[in-house]
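Visitor: Protein chains in written order, with the working numbering: chain P, 1 to 161; chain Z, 1 to 172; chain U, 1 to 417.
Since the hints were made in silico from the structure, they are not lab data. Built from N, CA and C at the ideal position, the CB exists for glycine as well. Among the hints, erroneous ones may be present.
Said to hold, decoys possible - Below are the DSSO-like pairs computed for lysine-lysine, each with C-alpha atoms no more than 27 Å apart in a straight line: (1) U:K54 - U:K64; (2) U:K337 - Z:K124; (3) U:K337 - Z:K130; (4) U:K316 - U:K337; (5) P:K150 - P:K16.
Claimed, not checked - Partner residues aside, some chain U positions facing chain Z, computed with beta carbon under 7 Å: (6) G68; (7) S239; (8) F240; (9) G241; (10) W254; (11) D259; (12) H377; (13) R379.
Claimed, not checked - What follows is a list of derived Cβ distance ranges for each label pair: (14) Z:G72 - U:Q341: 36 to 42 Å; (15) U:P206 - P:K16: 50 to 56 Å; (16) P:E56 - U:G173: 26 to 32 Å; (17) U:P220 - Z:K130: 52 to 58 Å.
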Amino acid sequence: MSDYYGANFVTTNLDKLVNWARKSSLWPATFGLACCAIEMMATTMPRHDLARFGMERFSASPRQADLMIVAGRVSQKMAPVLRQVYDQMSEPKWVISMGACASTGGVFNNYGLVQGVDQIVPVDVYVPGCPPRPEMLIDGIMLLHDRISKGDYTSTRTAVS
Amino acid sequence: MTSTVRELLLSAEWAERAPDLRDEGWMLLDLHGVDRIGLTSEADDRGRFEIVCHLVKRDDASRMIVHVGAEGDPPTVASVTHLWGTAGFAERETYDMYGIVFDGHADLTRILMPDDWEGHPLRKDYDVGKIVIDFKPQPFLQIEAPGQAPSFGESEVETDALGQMKQDGADE
Amino acid sequence: MSRTEPRVDEAIQRIEDEGQGAFVESYDPDDEVMTINMGPVHPATHGVLRLLLKLDGETVTDCKPIIGYLHTGMEKECEDQNWRGAVTIVTRMDYLAPFFNEHAYSRAVETLLGIEVPPRGMYIRMLMSELNRLTSHLVQFGTQGLDMGAMSAMFYGFREREMITDFFEMVTGLRMNHGYIIPGGVWEDLPDGWREQMDNILEVMPNRLNEYQELLSENPIFIERTRGVGTITAEECDSFGVTGPIARASGIDWDLRRDLPYEAYDELDFDVPIQEQGDVYARYQVRMAEMIQSVALLEQIVERMPEGDYKNMDPKLTPPPRSEMNRSMEAVIHHFKLVTQGYVVPEGEAYFAVESPRGELGAFVVSDGGTSPYRCHVRDPSFYNLQSLPIMARGGLVADLIACIASLDPIMGGVDR
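Taking the hints into account, I'd like the entire structure generated from these sequences.
Guide: Following this line, the structure appears as structure tokens:
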């Protein structure tokens, strides 16, 4: 909208409201691939409770998911599936790359793995670790919340070529 | 540890021996390939590719390892899927990773790599596929290429080839 | 009249061409059988498992597992690391049982090296292995409950797992993928205070395990969903190379810890639970009983933990202590060589198998006399257990298929490596 009208409209309180609503109950899409998936499951468990953010409801259907936490290593065979699920998610959507393998290929630098999921989808937050502790994942999610609350709700991400 | 019986067979011998082993009560645990191109210490004329089969007999807790040489081009071994269901996935994986063809396997297709992948990854002449780490541009530190000394953008200090500051009044 | 309506044909063709979310692979209204794709992204396949199902209404007539979505090239990667570094690769294969991967690999390398592990090293390995068996079975218990709608099982199982991963973190520094069991022994000794932590765990576990029994074992819905479901006979297990709790639930009395003992398992006293029916409920019972046996084993291990070295201190294998390096030139040279190149393993090949929570986990290692493995192949139990899924699923409903997958407990990291 700001692109269309130029600088004629300034949305401050509406921005804040919409961003608060968006970050308050991000529903992650189930994308646990490998070891990081176990730590992601452990994050939803009572010890490190992810339900405090309203995020315990992992959505199997990408249409109802806001956030894709790529938890684990992405192999050559899985890469098109990853892209397809990302495409099926509706805007606004965010991606957290959890773990070293998803961020950069991790411990493995070989023919079998995509060296970093950002080769395929745009990533908002990288969470390092092998696997990252649940607290680290929560830190990454809180970082994402900050980014969402500072964001401009009218802009959409440009398509990745 | 109980000692393991080891056998070295050719493909035709394996096709004969396997049904006997199955009738004796041996259970096939694992079947995988080995590319022997770097193992030059064995002076015998075992070909480049072989498969290794691990069997166990529960009744007397004994293990057996059978090496079966693969012959021809493409290297071929008789399949044992009709005897043990274990071999179904295992032979497909060996085909995928080494290119060893199993005679008699009903569905010899790639199992771990995508269907249109070219090459057989575990062969010794197939490169690991390491990708050189490519650093993304940093706000303060410009790294042009891996291995190069970083330059701090525009700098008034002149550095020589080793990255050390040039002394005032020095030559060159 | 054509087989299908032209516009349905067109729609299917368009979906196939564009490749957008095509789930119905083929549909012929004259034929009752549908081919449906399940996965690889699915909440109830444990990891990235893809299944091609042939369905007659709700009944599964055939099921074909398609794997490879997590193939990491680990066996190739191992050939690129030195003998000590390959432990960090191998540990990530079956990621719910990392100690077992490391154990099998380390033992195989020790066979080639021809070295002994000191008693304390053996006992520490057994301690970590049995704790790992507990965590793995707890996660399986949780996911089995979750898949069948008993979500509380998930929360209970992970609650205990947190206690044990705290202990892992105390000893190894990591909650998962530890890289702790190395050829020669273990990487570091148990820290002070481990005994109290273990006593804590052992005091609490039996009650908690009883809680789980109360939660699910007598639950009529659970029994209805698991009794008689996914049956596999002992002959079929033998034919597919299925080992571990699945085989023991079908009546096969085989446990590597008792029948081909390694480490100091022959000094310990434990039972191997067996069931006869071979269905999902039998597998559940076997796993619950194994957890109780693991607790008994842990009590014995903690009681009998010997003093001494925690790994083989051969200078060609283990870097010398830092204090030594200040005094002796040989110590410096040894340290340098070990850290930069790694040690050399004599030529040969060896296979060693351990009893992991999923079955026989073996490592086959070939050395060409160098500092890195020439071939490192891991016999992963899930790879072979998964082949028995079609047998279990045939004739059952889709909901039964979900129960079967949960009871199979496949770990795709091990399947695809």
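Visitor: With a cut-off of 7 Å on the beta carbons, see whether G241 of chain U makes it to chain Z.
Guide: Where the cut-off is 7 Å and the nearest Cβ of chain Z is about 4 Å from G241 of chain U, the hint holds.
Visitor: Does the structure keep K316 of chain U and K337 of chain U at a Cα separation of 27 Å or less?
Guide: holds, 9 Å
Visitor: The hint names D259 of chain U as touching chain Z; please verify it with the least Cβ-Cβ distance against 7 Å.
Guide: holds, 5 Å
Visitor: Given a hint of 52 to 58 Å, does the C-beta separation of P220 of chain U and K130 of chain Z actually sit inside it?
Guide: holds, 56 Å
Visitor: Hint check: is the beta carbon of H377 of chain U less than 7 Å from a beta carbon of chain Z?
Guide: The hint holds - H377 of chain U has a Cβ within 7 Å of chain Z, the shortest such distance being about 5 Å.
Visitor: Against the range 36 to 42 Å, how does the distance between the Cβ atoms of G72 of chain Z and Q341 of chain U compare: consistent or not?
Guide: For Q341 of chain U against G72 of chain Z, whose Cβ atoms are near 38 Å apart, the range 36 to 42 Å holds.
Visitor: For K54 of chain U and K64 of chain U, compute the direct alpha-carbon distance and say whether it is at most 27 Å.
Guide: holds, 9 Å
Visitor: Can we keep the G68 of chain U interface hint, with Cβ of chain Z closer than 7 Å?
Guide: With a closest approach of 4 Å, the G68 of chain U hint holds.
Visitor: Does K124 of chain Z lie within 27 Å of K337 of chain U when you go C-alpha to C-alpha?
Guide: holds, 26 Å
Visitor: K150 of chain P and K16 of chain P: Cα distance at most 27 Å?
Guide: The hint holds at about 8 Å.
Visitor: Is it true that the CA of K337 of chain U sits at most 27 Å from the CA of K130 of chain Z?
Guide: holds, 24 Å
Visitor: Taking the beta carbons of E56 of chain P and G173 of chain U, is their distance inside 26 to 32 Å?
Guide: holds, 29 Å
The structure agrees with every numbered hint stated previously.
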